[in-house]
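Peer 1: Letter by letter, the chains look like this.
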Amino acid sequence: MKRITIDPITRLEGHGKITIFLNDDGSVANTYFQVPELRGFEKFSEGRPAEEMPQITQRICGVCPEAHHMAATKALDDLFHVEPTSTARKLRELLYSAFYVTDHTTHFYILAAPDFVMGPDANPAERNILGVIGKVGLELGGAVINTRKQNHWIIQTIGGRPIHPCFGLPGGVSRAINEEERAQIEEIGKQSVEFGKTSLKVFDDVVLKNKTYLDMVLSDTYTQKSYNMGLVDENNKVNFYDGKVRVVGPDGKELCKYAPREYLEHIAERVEPWTYLKFPYLKKVGWKGFVDGVDSGVYRATPLSRLNAADGMATPLAQEAYEKMYSTLGGKPANFTLATHWARLVELLYAAERLLELSRDPEITSANIRNIPTATPDEGVGIVEAPRGTLTHHYITDERGVIKKCNLIVGTTNNYAPLFMSIRKAAEDFIKPGVEITEGLLNRIEMAWRPYDPCLSCATHALPGQLPLEVTIYDVQGNEVKKLSQGV
Amino acid sequence: MKTLVLGLGNPILSDDGVGIRVVHEVANQVRSSEITVSDTNVAGLGLLDSIVGYDKVIIIDAIQTERGQAGEIYRMGTEDFSQTKHFSSPHQINLATALELGKMLNLVMPKEISVLAVEAEDITSFSEECTPEVEKAIPEAVKMVLAELRCQTSS
Numbered sequence: 001m002k003r004i005t006i007d008p009i010t011r012l013e014g015h016g017k018i019t020i021f022l023n024d025d026g027s028v029a030n031t032y033f034q035v036p037e038l039r040g041f042e043k044f045s046e047g048r049p050a051e052e053m054p055q056i057t058q059r060i061c062g063v064c065p066e067a068h069h070m071a072a073t074k075a076l077d078d079l080f081h082v083e084p085t086s087t088a089r090k091l092r093e094l095l096y097s098a099f100y101v102t103d104h105t106t107h108f109y110i111l112a113a114p115d116f117v118m119g120p121d122a123n124p125a126e127r128n129i130l131g132v133i134g135k136v137g138l139e140l141g142g143a144v145i146n147t148r149k150q151n152h153w154i155i156q157t158i159g160g161r162p163i164h165p166c167f168g169l170p171g172g173v174s175r176a177i178n179e180e181e182r183a184q185i186e187e188i189g190k191q192s193v194e195f196g197k198t199s200l201k202v203f204d205d206v207v208l209k210n211k212t213y214l215d216m217v218l219s220d221t222y223t224q225k226s227y228n229m230g231l232v233d234e235n236n237k238v239n240f241y242d243g244k245v246r247v248v249g250p251d252g253k254e255l256c257k258y259a260p261r262e263y264l265e266h267i268a269e270r271v272e273p274w275t276y277l278k279f280p281y282l283k284k285v286g287w288k289g290f291v292d293g294v295d296s297g298v299y300r301a302t303p304l305s306r307l308n309a310a311d312g313m314a315t316p317l318a319q320e321a322y323e324k325m326y327s328t329l330g331g332k333p334a335n336f337t338l339a340t341h342w343a344r345l346v347e348l349l350y351a352a353e354r355l356l357e358l359s360r361d362p363e364i365t366s367a368n369i370r371n372i373p374t375a376t377p378d379e380g381v382g383i384v385e386a387p388r389g390t391l392t393h394h395y396i397t398d399e400r401g402v403i404k405k406c407n408l409i410v411g412t413t414n415n416y417a418p419l420f421m422s423i424r425k426a427a428e429d430f431i432k433p434g435v436e437i438t439e440g441l442l443n444r445i446e447m448a449w450r451p452y453d454p455c456l457s458c459a460t461h462a463l464p465g466q467l468p469l470e471v472t473i474y475d476v477q478g479n480e481v482k483k484l485s486q487g488v
Numbered sequence: 001m002k003t004l005v006l007g008l009g010n011p012i013l014s015d016d017g018v019g020i021r022v023v024h025e026v027a028n029q030v031r032s033s034e035i036t037v038s039d040t041n042v043a044g045l046g047l048l049d050s051i052v053g054y055d056k057v058i059i060i061d062a063i064q065t066e067r068g069q070a071g072e073i074y075r076m077g078t079e080d081f082s083q084t085k086h087f088s089s090p091h092q093i094n095l096a097t098a099l100e101l102g103k104m105l106n107l108v109m110p111k112e113i114s115v116l117a118v119e120a121e122d123i124t125s126f127s128e129e130c131t132p133e134v135e136k137a138i139p140e141a142v143k144m145v146l147a148e149l150r151c152q153t154s155s
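If you read the sequences in order, they're chains A and B. The first sequence runs contiguously to residue 488 in my numbering. The second sequence runs contiguously to residue 155 in my numbering.
Incorrect hints may have been included.
[Unchecked claim] Keeping only pairs whose Cα atoms sit at most 25 Å apart, straight-line, the calculated DSS-like set for lysine-lysine is:
| hint | chain 1 | residue 1 | chain 2 | residue 2 |
| --- | --- | --- | --- | --- |
| 1 | A | Lys332 | A | Lys244 |
| 2 | B | Lys103 | A | Lys149 |
| 3 | A | Lys135 | B | Lys136 |
The set of hints was computed from the structure by calculation and includes no laboratory data.
Bound conformation, chain A alone:
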């Protein structure tokens, strides 16, 4: 097959594209994948006061604005050489935990559950949250809506505004909480923990007790032995808000553990001629192509990677769930892409427990919420775990704090290479000569993509709602054989 270059003009339309080219005999010759790349952010931010970045960057993504707000706020701490107060740290982490509860809940019930509750071959008209609620019951459906609503209230209360917090400042936050608010947050924390437990039970009943699904999870098609990245605290436990970035290999060995300022020593970007997307990889290991294994610098930054990169969860029920997961999957690290959905639920429970824990912290209602910066700003890096992967904000400013340069690595960007590899493997394993290409089959290819839950700003529209995705298959003459479009 001759080399195909994807014309940059075809990248428009704001949706994801998986393009598969077949050989003569109907087997897969090549697979390509594109997502719309947002352009010009660096230029857009030049000349702006860095303190605006928590407000601006959260507009980049309609799905995880809180993550950008938090990474930007931490970058400001670093930029202005100021530590947040203890209460401010806790308030930030409290808000962030509530955010994780809402986000992981949304992903699991909207994106993941349909494949498992309804089945990958189910009628598309039923393979969605309506079908899920039809099967698991209205009560659970109500709990999904309610959990999100309550945790959004927490975000609004601490963060000052629904969805788009406006509370992050260098050295602290802009608002303290009172006892009444704290008590309400504690109540929500308790209910969220129950919901987290329920969700894990749903997974257990629907996936783990179903041999077909468990086999799918453990199958070679959905296995990828890449490095794992995630933030860990000083005990190497998963932490979404703060810590160091730890990278652990598919063999379980720690490769590195770095502080935010050191990220450029560890991560580089690969350019490929067939796409404008750049693929981050681990410098220490080097780029060896789109392959997995300990010798390839490809790494993943997903809920599963976070659990793989850590030594455990910092809260008891989540730790129990973590242990059960790994014992079922045959040990650590787990390289099964579909198990990402499971890891997400373990994280959901952790976020709820952490939320409850922080709501009971004696300092949480203190008025000591800010250290005023006094140093001259120059350069700052802030890293948090966004639900979809490690999120890095890096600003360079002049002495007034006006942005000269900025670099962002968003959650999904970390995963471009492994995402492509997962899709390609599924395409090659499922599309075989003589096998009819059904909608169910294409859905199984998409099941390789869903665990990553790519986060893109185009998920803001009324009609598509989530990332629209198009899978197109061409025969050796270049004729379109099959197309599956969602929300395009």
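Following the hints, put chain B in place on chain A, whose structure we already have.
Peer 2: Below, chain B without anything else, positioned relative to chain A:
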């Protein structure tokens, strides 16, 4: 009739912000306690959260279609959402699904929905302004929203 005029989009992604630009103009010209004008850049379940409790919702958003010209305005009404149209399919909680979900869970859902969609040129470059053809469409879209609001208050 409790009405929500909701602009959807991203205010820093060029034409993706057209919905927000339109509702800001509408807000300047609407004075009624029955009408709430708001904007958001969440969709899916977040959209459901926004529209619960209103009798009528007018949504303004950007869209990209295969053959559309930048600045064209399309209108879709309640009749387009009354059946579960497969605007998308599994896993995507689009507006039609959000409405059905709300009904399923006995939430108070709007009885009237309309969507005004403006054809966008560029939704992937960072900018606080729309492209020229889309900028030109903003006053027209504002007029359409106000006309629709006037229709209901006079009936």
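Peer 1: Look at each hint and say if it fits the structure.
Peer 2: For each hint, the structure was consulted:
no.	hint	in the structure
1	A/Lys332 to A/Lys244	20 Å, holds
2	B/Lys103 to A/Lys149	17 Å, holds
3	A/Lys135 to B/Lys136	48 Å, violated
Checked against the numbered hints given earlier, the structure breaks only hint 3 and satisfies all the rest.
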